[in-house]
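Residue numbers (this note's numbering), protein chains in the order written: chain A, 17 to 264; chain B, 50 to 277.
Errors might be hidden in some of the hints.
Ranges between beta-carbon positions, derived for each pair [as the list claims (entries may be wrong)]:
no.	chain 1	residue 1	chain 2	residue 2	range
1	B	VAL82	A	GLU176	38 to 44 angstroms
2	A	GLU239	B	PRO204	49 to 55 angstroms
3	B	LEU89	A	GLY34	24 to 30 angstroms
4	B	PHE258	A	SER154	35 to 41 angstroms
5	B	LYS215	A	ASP89	55 to 61 angstroms
6	B	VAL85	A	GLY77	34 to 40 angstroms
7	B	ILE104	A	GLY34	56 to 62 angstroms
8	A	LEU36	B	GLU268	40 to 46 angstroms
9	A	GLU150	B	LEU74	46 to 52 angstroms
I should point out that these hints are in silico values taken from the structure, not numbers from a laboratory.
Using N, Cα and C, we set each Cβ at its ideal position, and we do this for glycine too.
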Amino acid sequence: MPELKPLIEIKQLNKHFGKLHVLKNIDLTIHQGEVVVVIGPSGSGKSTLLRCLNRLEEPTGGEIIFEGISITDNEHDINKLRENMGMVFQQFNLFSHMNVLENITLAPKKLKKITSEQAEKRAISLLEKVGLVEKATSYPAQLSGGQKQRIAIARALAMEPDVMLFDEPTSALDPEMVGDVLSVMNDLAAEGMTMAIVTHEMGFAREAADRVIFMDEGKIVEEGHPEKIFDKPEHSRTKDFLHRVIHI
Amino acid sequence: MDFSFLTNYHMFFINGAKITILLALFTVALGTVIGVFLALMKISKNILLKGVASIYIEFIRGTPLLVQLFIIYYGLPMIGIHFPDIPALGQNFGDFMAGAVALSINSGAYVAEIIRAGIQAVDKGQMEAARSLGMPHGLSMKKIVLPQAFKNILPALGNEFIAVIKESAIVSIIGIHDLMYNADTVRGNTFQPFEPLIVAALIYFVITFTFSKLIGMLERRMNTDART
Ligand SMILES: Nc1ncnc2c1ncn2[C@@H]1O[C@H](COP(=O)(O)OP(=O)(O)OP(=O)(O)O)[C@@H](O)[C@H]1O
Ligand SMILES: [Mg+2]
Chain A
17 MPELKPLIEI KQLNKHFGKL HVLKNIDLTI HQGEVVVVIG PSGSGKSTLL RCLNRLEEPT
77 GGEIIFEGIS ITDNEHDINK LRENMGMVFQ QFNLFSHMNV LENITLAPKK LKKITSEQAE
137 KRAISLLEKV GLVEKATSYP AQLSGGQKQR IAIARALAME PDVMLFDEPT SALDPEMVGD
197 VLSVMNDLAA EGMTMAIVTH EMGFAREAAD RVIFMDEGKI VEEGHPEKIF DKPEHSRTKD
257 FLHRVIHI
Chain B
50 MDFSFLTNYH MFFINGAKIT ILLALFTVAL GTVIGVFLAL MKISKNILLK GVASIYIEFI
110 RGTPLLVQLF IIYYGLPMIG IHFPDIPALG QNFGDFMAGA VALSINSGAY VAEIIRAGIQ
170 AVDKGQMEAA RSLGMPHGLS MKKIVLPQAF KNILPALGNE FIAVIKESAI VSIIGIHDLM
230 YNADTVRGNT FQPFEPLIVA ALIYFVITFT FSKLIGMLER RMNTDART
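With the hints as constraints, model all of the structure from the sequences given.
Shown next, in the form of structure tokens:
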């Protein structure tokens, strides 16, 4: 991969929940167009790391710089910064009282200077992209998990973010629906979207990632190209973890 | 049983029922306003607001309505608050207001808990999704959380409304000419201690039953709107 400019720089990031030290001096740079996959055991701090990036969790120490702007210094409007960072959740979190089209167009209509027609046109093209145009007027309760997650991805893309954060996007899905969601994510990666993905889908990580980060107990233990991490892991903790998730 | 007194006294029941309904409407309106403010205070991050709201709610829910009523009725004049008599609204408007304010202060505490619980029952992920798109807290609250909370709140608020109608009978003690007071008057005048109570009970029931049906209709209407 050609060396591109850094999009997100994380410096000495720390996060405590009360006495619990969940993230310990994390340093990480995500470059433009890069697909970074974060793996690691349950409770290692993967979700917390991702949620600190758009400050759904408040870091307790360190600095995060996004597109050259510090998002941790409270000088800048966090809402404006979030408009450029899409997030996809394990539990989809579609707005349950709104139909699919309303879910996708709400934030652009309220936050961007565009007309309803423009927002709807763009929503329809996003629905085409995730293969769900026919669901435009359905309500979330009428969709399968895989469909919900693809709509959630479309909703995040509607704000035209510069980076997409995924927190275990396929973990709540029935196995036969995982493929649909992963293929949408693969398309995004191919288009050059910068992505930070927490997942347990090791096959996807190997295929789609430019870089794999292995976290354990709040630290980045090992990182590198997927072939290095999966085929020649250096740390015993990485080896143990991969052994457990791949051979069971 | 002899209900022949109704020929002469039916207006007592009708006028009493009017006052009871008026009192309940006033109480629900003011009680809801109080309740919304208390609920917002209680879910806010400001410790002072939170504390004041908690103390208010705990105190009101932990003391008898009758005591609260007397405190307001005798207490307001003592601290210099007098409601003027407005002849158009009946001869005892000052008493009516004391009763309505006491009921509202009481109901507000219960409404606050209903609203707080309704807001907190909305999945936290809904707020997080809205915030992650860049929507500010207030906008997320207005567009995402409150509409969903409203659906949780409405049935409980309906029950509270019905409870208010029934509990409002207590204001007959301070001389407000509500349904209960007038039924008592009829008992005294006719020397029939029993039958007027049956009439009053039936009227209370018709009022509460009608409201609960209306609220049920409203709920069903909202559910078909959202198709959830
Ligand atoms: N809001 C919170 N309050 C207190 N502790 C928390 C909170 N959120 C997470 N934690 C704790 O922080 C640690 C890291 O949690 P996190 O959710 O980031 O782990 P994870 O790597 O995403 O795990 P999983 O694979 O199970 O999702 C855990 O010990 C968790 O219990
Ligand atoms: Mg997690």
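Results of checking the hints against the structure:
1. VAL82/B with GLU176/A: 38 to 44 angstroms: At roughly 41 angstroms between Cβ atoms, GLU176/A and VAL82/B fall inside 38 to 44 angstroms, so the hint holds.
2. GLU239/A with PRO204/B: 49 to 55 angstroms: 52 angstroms, holds
3. LEU89/B with GLY34/A: 24 to 30 angstroms: At 27 angstroms between Cβs, range holds.
4. PHE258/B with SER154/A: 35 to 41 angstroms: Once the Cβ atoms are compared, 38 angstroms apart, the range 35 to 41 angstroms for SER154/A and PHE258/B holds.
5. LYS215/B with ASP89/A: 55 to 61 angstroms: With a Cβ separation near 57 angstroms, LYS215/B and ASP89/A satisfy 55 to 61 angstroms, so the hint holds.
6. VAL85/B with GLY77/A: 34 to 40 angstroms: 38 angstroms, holds
7. ILE104/B with GLY34/A: 56 to 62 angstroms: 26 angstroms, violated
8. LEU36/A with GLU268/B: 40 to 46 angstroms: Holds, since LEU36/A and GLU268/B (Cβ atoms, about 43 angstroms apart) stay within the stated range.
9. GLU150/A with LEU74/B: 46 to 52 angstroms: 47 angstroms, holds
Hint check: a violation occurs at hint 7 only; the rest are consistent with the structure.
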